[in-house]
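Asks: For reference, the chains in residue letters:
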Amino acid sequence: MAFTNEQIERYSRHIILKEVGAKGQKKLLNAKVMIIGAGGLGAPVAMYLAAAGVGTIGIADADEVDLSNLQRQIIHQTKDVGIPKVESARETMEAMNPDVKVVTYHEFITSENILDIIKDYDFVIDATDNFPAKFLINDACVMAKKPFSHAGIIRFQGQLMTYVPGEGPCYRCVFKEPPPKDAVPTCKQAGVIGAMGGVIGSLQAMEAIKYILGVGDLLTGYLLTYDALKMQFRKVKLPSDTHSCAVCGDHPTITELIDYEQAECDGTGL
Amino acid sequence: MIITVAGVKKEVSDGLTVSQLIIDENVETPQYVTVTVNDDFVKSGQFEETVLKDGDSVEFLYFMGGGQ
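Note that the protein sequences, when read in sequence, are chains A and B.
Every number in my numbering is 18 more than the matching position in the first sequence, counting from 1.
Every number in my numbering is 91 more than the matching position in the second sequence, counting from 1.
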C-alpha cells in the first residue's frame with residue numbers, strides 16, 4: 019500500500035518521528051481499535067485515533083446524545099442532541115479523516131455479544147462508566163487474549179492501566195469484583211471535570227498507538243493515577259503475582275462471562 | 092518508625108496496622124479499597140492483622156467507575 023500525496027502531508031508529523039516513520043504509519047492505517055463507550059473518555063480516544071489514521075475504529079454505545087453530555091463529550095455537538103452517540107461519533111471521525119473506517123455498535127455490551135464484537139480488533143479501549151461493563155470488558159479481553167486499556171474518572175481524579183496478555187496483572191487482579199450498587203459514587207452522582215476525560219482519554223489513545231507501533235513502555239503492571247487538584251501524576255507499581263487471579267490466574271474460577279447488575283442510578287448504561 | 096504512604100514518607104507509631112492506617116488516612120469507601128504493601132496485595136480480610144514495619148511502602152488503589 020503506497021501513500022497518496024495527501025496522506026504523506028496529513029501524517030507528516032508522524033512520519034518524521036523515528037519511532038513511527040512510513041512503516042509505523044502503515045501499521046496505524048492497518049490497525050483496528052474497538053472503543054467501548056462514546057462518552058467522556060471515548061470522545062478524545064476516538065478523535066485522536068481517527069486523526070492518527072487508525073484504519074478501523076469500532077465504537078459501541080447504546081445511548082443517545084444528551085445536553086448534559088456536552089460539558090465533556092467533545093466528539094458530540096449541540097446539533098447532535100437526541101441522535102445515537104455512535105452516529106454522532108462516526109460523523110465527527112469521518113469528517114476528521116476519510117482514511118478511517120468507523121464501525122458502529124448501537125447496543126449495550128453484554129456477555130452475549132462482547133466476544134463477537136471484540137474478536138476482529140487488535141486493541142480494546144474501556145471507556146465505560148460503570149463497573150459491570152468494566153469487569154465484563156476485562157474478563158472478555160483476558161479470555162479472548164486481547165490487550166486493552168482500562169480507565170476511570172471521577173471529580174478531579176482519573177486513573178488508567180493497560181493489560182497485555184501474559185505481561186502483567188488484569189483489572190480483576192487489582193479489583194476482585196464490582197462493588198455493590200451505589201457503594202462507590204459514579205460521575206453522575208459525584209460529578210467530573212470535563213477536561214478529565216480529555217487527559218485520561220488522550221492517555222488511553224497514547225497507549226493504543228504505542229501498542230500498535232510496538233514502541234516504548236506500556237502501562238502494564240502499573241496503575242497511573244492523576245489528581246488534578248494536586249496536579250500530580252503517580253505511576254503506582256502493581257503486584258506482579260497474577261497466579262491467584264480468578265480470571266487470568268493459573269487456575270481460573272471465572273470461566274464464563276458475567277453480567278453483573280447495573281447500578282440503578284446509571285440506568286442509561288454505557 | 093517511618094513508612095511511605097502513597098509516595099509520601101511519614102512517621103507513624105510502631106505496631107500500626109493496615110486497618111488503623113486506613114482510618115488515620117481518611118480513606119474513602121474503606122471497605123472497597125485495594126491495599127498493597129511493598130508491591131504485594133493485602134487480602135481484604137487481613138487489614139486488621141497486617142502490622143506495618145519500618146520502611147514499608149503502602150498504596151491505596153481505589154475503584155473509579157466513571158468514564159462517560
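Because the hints were derived from the structure by calculation, they are not lab data.
Careful: at least some of the hints might be erroneous.
[What the hints assert, rightly or not] One side of the interface only, derived from the structure: several residues of chain B facing chain A at Cβ under 8 Å:
| # | residue |
| --- | --- |
| 1 | V118 |
| 2 | F132 |
| 3 | Q137 |
| 4 | E140 |
| 5 | F154 |
Glycine included, every Cβ here is placed at the ideal spot set by N, Cα and C.
Asks: Tell me, which hint numbers fail for this structure?
Replies: Hints 1, 3, 4 contradicted; others consistent.
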